[in-house]
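Number of protein chains: 2
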Amino acid sequence: MIEAEFSKTALQSALRAFRAAIGEDKVYTDDIDQVAYSDHFSPDPEKHQPGGALTPETEEEVQAIVRIANEHKIPLWPISRGKNFGYGGAAPVMKGSLVLDLSRMKKIEVDEENGTVLVEPGVSFFDLYDYLQERKIPLWLSVPGNSWGSVAGNALDRGVGYTPYGDHASRICGLEVVLPDGDLMRTGMGAMEGSPNWQLYRYGFGPAWDSLFCQSNFGVVTKLGLWLMPEPESVLGYDISCSNPDDLGWLIDTLVPLRREGILQQSPSIGNWLRSVAVMTQREEWIEPGRPFDEATIKKITGAFDIGWWNVSIRVYGPLPMTKATMEVVKAAFSGKPVMRMRETRWVKGDAPEGSPATGVPISFPLANANWFGGRGGHISYSPTLPPRGDLAMRQFKRTRARYEEFGFDYHPSFAIGERHLTNVNQVLFNRDDPDMVARLDPFFRTLVADADEERYGEYRTHIEYMDLVADTFNFNNHALRRLNERVKDALDPNGIIAPGKSGIWPQRLRKS
Amino acid sequence: MIEAEFSKTALQSALRAFRAAIGEDKVYTDDIDQVAYSDHFSPDPEKHQPGGALTPETEEEVQAIVRIANEHKIPLWPISRGKNFGYGGAAPVMKGSLVLDLSRMKKIEVDEENGTVLVEPGVSFFDLYDYLQERKIPLWLSVPGNSWGSVAGNALDRGVGYTPYGDHASRICGLEVVLPDGDLMRTGMGAMEGSPNWQLYRYGFGPAWDSLFCQSNFGVVTKLGLWLMPEPESVLGYDISCSNPDDLGWLIDTLVPLRREGILQQSPSIGNWLRSVAVMTQREEWIEPGRPFDEATIKKITGAFDIGWWNVSIRVYGPLPMTKATMEVVKAAFSGKPVMRMRETRWVKGDAPEGSPATGVPISFPLANANWFGGRGGHISYSPTLPPRGDLAMRQFKRTRARYEEFGFDYHPSFAIGERHLTNVNQVLFNRDDPDMVARLDPFFRTLVADADEERYGEYRTHIEYMDLVADTFNFNNHALRRLNERVKDALDPNGIIAPGKSGIWPQRLRKS
Numbered sequence: 001m002i003e004a005e006f007s008k009t010a011l012q013s014a015l016r017a018f019r020a021a022i023g024e025d026k027v028y029t030d031d032i033d034q035v036a037y038s039d040h041f042s043p044d045p046e047k048h049q050p051g052g053a054l055t056p057e058t059e060e061e062v063q064a065i066v067r068i069a070n071e072h073k074i075p076l077w078p079i080s081r082g083k084n085f086g087y088g089g090a091a092p093v094m095k096g097s098l099v100l101d102l103s104r105m106k107k108i109e110v111d112e113e114n115g116t117v118l119v120e121p122g123v124s125f126f127d128l129y130d131y132l133q134e135r136k137i138p139l140w141l142s143v144p145g146n147s148w149g150s151v152a153g154n155a156l157d158r159g160v161g162y163t164p165y166g167d168h169a170s171r172i173c174g175l176e177v178v179l180p181d182g183d184l185m186r187t188g189m190g191a192m193e194g195s196p197n198w199q200l201y202r203y204g205f206g207p208a209w210d211s212l213f214c215q216s217n218f219g220v221v222t223k224l225g226l227w228l229m230p231e232p233e234s235v236l237g238y239d240i241s242c243s244n245p246d247d248l249g250w251l252i253d254t255l256v257p258l259r260r261e262g263i264l265q266q267s268p269s270i271g272n273w274l275r276s277v278a279v280m281t282q283r284e285e286w287i288e289p290g291r292p293f294d295e296a297t298i299k300k301i302t303g304a305f306d307i308g309w310w311n312v313s314i315r316v317y318g319p320l321p322m323t324k325a326t327m328e329v330v331k332a333a334f335s336g337k338p339v340m341r342m343r344e345t346r347w348v349k350g351d352a353p354e355g356s357p358a359t360g361v362p363i364s365f366p367l368a369n370a371n372w373f374g375g376r377g378g379h380i381s382y383s384p385t386l387p388p389r390g391d392l393a394m395r396q397f398k399r400t401r402a403r404y405e406e407f408g409f410d411y412h413p414s415f416a417i418g419e420r421h422l423t424n425v426n427q428v429l430f431n432r433d434d435p436d437m438v439a440r441l442d443p444f445f446r447t448l449v450a451d452a453d454e455e456r457y458g459e460y461r462t463h464i465e466y467m468d469l470v471a472d473t474f475n476f477n478n479h480a481l482r483r484l485n486e487r488v489k490d491a492l493d494p495n496g497i498i499a500p501g502k503s504g505i506w507p508q509r510l511r512k513s
Numbered sequence: 001m002i003e004a005e006f007s008k009t010a011l012q013s014a015l016r017a018f019r020a021a022i023g024e025d026k027v028y029t030d031d032i033d034q035v036a037y038s039d040h041f042s043p044d045p046e047k048h049q050p051g052g053a054l055t056p057e058t059e060e061e062v063q064a065i066v067r068i069a070n071e072h073k074i075p076l077w078p079i080s081r082g083k084n085f086g087y088g089g090a091a092p093v094m095k096g097s098l099v100l101d102l103s104r105m106k107k108i109e110v111d112e113e114n115g116t117v118l119v120e121p122g123v124s125f126f127d128l129y130d131y132l133q134e135r136k137i138p139l140w141l142s143v144p145g146n147s148w149g150s151v152a153g154n155a156l157d158r159g160v161g162y163t164p165y166g167d168h169a170s171r172i173c174g175l176e177v178v179l180p181d182g183d184l185m186r187t188g189m190g191a192m193e194g195s196p197n198w199q200l201y202r203y204g205f206g207p208a209w210d211s212l213f214c215q216s217n218f219g220v221v222t223k224l225g226l227w228l229m230p231e232p233e234s235v236l237g238y239d240i241s242c243s244n245p246d247d248l249g250w251l252i253d254t255l256v257p258l259r260r261e262g263i264l265q266q267s268p269s270i271g272n273w274l275r276s277v278a279v280m281t282q283r284e285e286w287i288e289p290g291r292p293f294d295e296a297t298i299k300k301i302t303g304a305f306d307i308g309w310w311n312v313s314i315r316v317y318g319p320l321p322m323t324k325a326t327m328e329v330v331k332a333a334f335s336g337k338p339v340m341r342m343r344e345t346r347w348v349k350g351d352a353p354e355g356s357p358a359t360g361v362p363i364s365f366p367l368a369n370a371n372w373f374g375g376r377g378g379h380i381s382y383s384p385t386l387p388p389r390g391d392l393a394m395r396q397f398k399r400t401r402a403r404y405e406e407f408g409f410d411y412h413p414s415f416a417i418g419e420r421h422l423t424n425v426n427q428v429l430f431n432r433d434d435p436d437m438v439a440r441l442d443p444f445f446r447t448l449v450a451d452a453d454e455e456r457y458g459e460y461r462t463h464i465e466y467m468d469l470v471a472d473t474f475n476f477n478n479h480a481l482r483r484l485n486e487r488v489k490d491a492l493d494p495n496g497i498i499a500p501g502k503s504g505i506w507p508q509r510l511r512k513s
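Protein sequences, first through last, are from chains A and B.
The first sequence begins at 1 in the working numbering and counts up one residue at a time.
The second sequence begins at 1 in the working numbering and counts up one residue at a time.
Next up, chain A with everything else stripped away, as it sits in the complex (with noise of 0.2 Å):
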């Protein structure tokens, strides 16, 4: 554990400084608020505890944090709104780091013409919904499965939707960044003052700045260009249900080439049972505590829920002509392919909403998953990418599921089909309650990365607690990523003080020799 060193002389006059610029009721340093900046998520939130936050209201008040932040060396943890659970909440890397809180920033700018918007860091998914609903723009969102979190914090740590829309980094529009040093600047167009193509064309002139600020400590992101999906004229699809384990791999093949030929345009997400099951009943109802679900077990819970022991949603959006000629193809697809159910989904303009984040609905019934175990649950991610193989997919499933059988957890896997690669999010549930449970999370993690780092597939992203241990694996040439990120880091941020440690990005001081 790396804690934040400074003297308390120097966190005081510090803190000075910073109510003196933002204002009193902007600062929050008791010991309630370090608890509530936790990661209540984790199987130890004090482990990194900050040491309060800072809650702006204008990108000014960011300048302004920043540069005092710099003075007196305090380091800071920026956050959109903090609901980055499974991966470390609103917490910091580095204990005693201040949360930099963004989520007071709220402004939406919405371009209906072009389906774009302008977001600060405050607004979450369920804002820019009610926001477009109650003037009736015809722009859909792409959601993640919590919706209470940040659109623009989202997007930044590369968080996905189920839309054509959902590789939600990929649809980055040009930002507005705070950097290390106070600075203001606009990537894209918008480092040109007044552009009319801020929000419209993505390189700008020269390097292109917008994916250096993802999953990355080079700057405080305090605005997000992105672009909405208009919307379809129609939305047809399948729901998926196969019955047997084995069923993933040939899912996959069959998958794999509609999605990498364009056929179809989001990202379908394979999730077995568990997954489905979670958010809606506990686990005491159908096994004692401790044994391992067994097959007929599963096999009693899928029938009680009719669903299968894969699970996966197909849709495809568009004028109707077309999404009925791709259903067409879909179906072809799947024809003599053992599939469980394929039950056809139909929802065309005029029709009442569907309600699903397949059509742009926030949502947050998958954080009830929290409650699996009755107790105080919790969750962390565990999320390596690797080639878009059924095969390959077959094994990296069992080995997985051996691994959290061993390590005694329930295997809670989703299998996300990309243009050209497979994420696979192995949510690791857990009682925060249980201390052996808790205890056995940690060996459990570490063992899944060095597993996947055997395959040498990396991670997508990873828990706060564990981002130094996935930078490691990223080893080409001696670490030659780290190093470049590291050169980078200390032009920019000399002082060290905007995050240390995300995505195992030291600044110069506070890096292991």
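Source of the hints: derived by calculation from the structure; they are not laboratory data.
Careful: at least some of the hints might be erroneous.
The list makes no distinction among identical chains, and a pair is therefore deemed to hold if it is satisfied within one copy or across any two copies.
Computed cross-link-like contacts, DSS-like style, restricted to lysine-lysine with a CA-CA straight-line distance of at most 27 Å [unchecked claim]:
| hint | residue 1 | residue 2 |
| --- | --- | --- |
| 1 | LYS337 | LYS349 |
| 2 | LYS331 | LYS349 |
| 3 | LYS398 | LYS299 |
| 4 | LYS95 | LYS324 |
| 5 | LYS349 | LYS106 |
| 6 | LYS512 | LYS47 |
| 7 | LYS349 | LYS95 |
| 8 | LYS324 | LYS349 |
| 9 | LYS349 | LYS107 |
| 10 | LYS324 | LYS107 |
| 11 | LYS107 | LYS223 |
| 12 | LYS95 | LYS398 |
| 13 | LYS106 | LYS26 |
| 14 | LYS512 | LYS73 |
| 15 | LYS331 | LYS95 |
We have chain A already, so just place chain B on it with the hints.
Leaving out everything else, chain B in the frame of chain A:
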């Protein structure tokens, strides 16, 4: 004009070291070599004439060159194949730089199953096409107008093509880069030694670097991963011609929603009559020198070649039922519109190759427009981006056309329809043997940039001569983007040896105060 400053002695000892490192036969410094690597399409090739060229064959040789260049502070201008015509060809911003010509590096690694390729910079579109054809690999290229050029270099300069993969920079997946200090790094999943996902998943872990090496001088790209389109089952389309200049407005307003909604997945490019005929005929056949084209003469020409004032090709790709349905939607969008002609095109797998860039076949005929004046022709391109609106495009068209007439050039524009923007590429064809015309070129170009600046339209790409001019227009917060670029430049390239001045980014020792 900025000229490389180093003593003859420094150059001589550097050249000795280069020869020792990569071999006598890979170092070119004769007068004829300097001419060979100049920009033959520019009005004054001497202004950006390099001091010679170095032609390594491997990344180790590139590393050796970069290290020697640091030692002797010799500026290098990396080119892939140097076919960046209209924007500088092989020539450096800074006269006297040594061209780092990577055209000997020609390795190709195709992943047929996943539809990806890893190319070295020397691989041209023709090379890659031949490679795929010889092995009957069913993957299609997206090619630019000049397919002599480098696949990697084109993507890095954000070149475009005509298929759904036509935004080449957006299909980059993983780079290998020699950094300015000679260090070798790989981006994305390539940062993990032996990763099977280097060309499959784009972001990697932490900040994603690919777009930072586009239009940039932060490193020398020695390998580039690119996604290729799986051969579709069919390509249907319309070749659309319109007979009046004013048709541009409604044409854009018809196509833009189709593109934004993903009904069209490639970016149609609307070109005027001259863009079509300049490759097939010469000016003097139609009008006397110096006289501007009047509508009567244009009518004669468009009649003779059976084309419109504006012409655009639309293509849709995929399984036949899907492309047919899409064509119905496109047709309906054009219903009642005053088109001159909509000619249907149809290619279905098994048909003879269409042989056009729309089906991934490399071309070079657009270069024939260098012959428009009969003398030694050239062109430079002025390429602003603007919001995707017919009225704005019409205004841009009228203003720009008037400027062409004012300065005595023939208006030669295209408007390409991106997902959320228009790119308006204006070629300025000229006759290098007409000193009067050549003299008008520079003030003309500066006027065009000033016009765009007034609307706050930024160029997406520009000629080496005008990189500072264009970079100057990106002025948000006292050029915050430039200041950021410069800080990173100084951190990565303290001796300022890689492409000084590229995209207006200068190293400290060469920066204007």
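So, going through the hints one by one against the coordinates:
In this assembly of identical chains, LYS337 and LYS349 lie within 27 Å of each other by CA distance solely across copies; the values are 26 Å between and 31 Å within a copy. In this assembly of identical chains, LYS331 and LYS349 lie within 27 Å of each other by CA distance both inside one copy and across copies; the values are 23 Å within and 21 Å between. Within a single copy, LYS398 and LYS299 get their C-alpha atoms as close as 19 Å, which meets the 27 Å cut-off; across copies the closest is 70 Å, which misses it. Taking the shortest Cα distances, LYS95 and LYS324 never come within 27 Å of each other, neither inside one copy (54 Å) nor across copies (59 Å).
Within a single copy, LYS349 and LYS106 get their C-alpha atoms no closer than 30 Å, and across copies no closer than 51 Å, so neither meets the 27 Å cut-off. Proximity of LYS512 to LYS47 under the C-alpha cut-off of 27 Å is restricted to the intra-copy arrangement: shortest distance 19 Å within a copy versus 49 Å between copies. In this homomeric assembly, LYS349 and LYS95 never come within 27 Å of each other (Cα to Cα): the closest approach is 50 Å inside a single copy and 60 Å across copies. In this assembly of identical chains, LYS324 and LYS349 lie within 27 Å of each other by CA distance both inside one copy and across copies; the values are 14 Å within and 22 Å between.
In the homo-oligomer, the alpha carbons of LYS349 and LYS107 never lie at most 27 Å apart, since the shortest distance is 29 Å inside one protomer and 50 Å across protomers. When the C-alpha separation of LYS324 and LYS107 is checked against a cutoff of 27 Å, the pair qualifies neither within a copy, at 39 Å, nor between copies, at 43 Å. Taking identical chains as interchangeable, the C-alpha atoms of LYS107 and LYS223 lie at most 27 Å apart only when both belong to the same chain, with a minimum of 9 Å there against 42 Å between chains. Within a single copy, LYS95 and LYS398 get their C-alpha atoms no closer than 36 Å, and across copies no closer than 61 Å, so neither meets the 27 Å cut-off.
For the identical chains of this complex, LYS106 and LYS26 are intra-copy neighbours only, at 15 Å inside a copy versus 58 Å across copies, given an alpha-carbon limit of 27 Å. Taking the shortest Cα distances, LYS512 and LYS73 sit within 27 Å of each other inside one copy (18 Å), while across copies they are farther apart (33 Å). When the C-alpha separation of LYS331 and LYS95 is checked against a cutoff of 27 Å, the pair qualifies neither within a copy, at 52 Å, nor between copies, at 61 Å.
In summary, the structure is inconsistent with hints 4, 5, 7, 9, 10, 12, 15 from the numbered list given earlier, while agreeing with the others.
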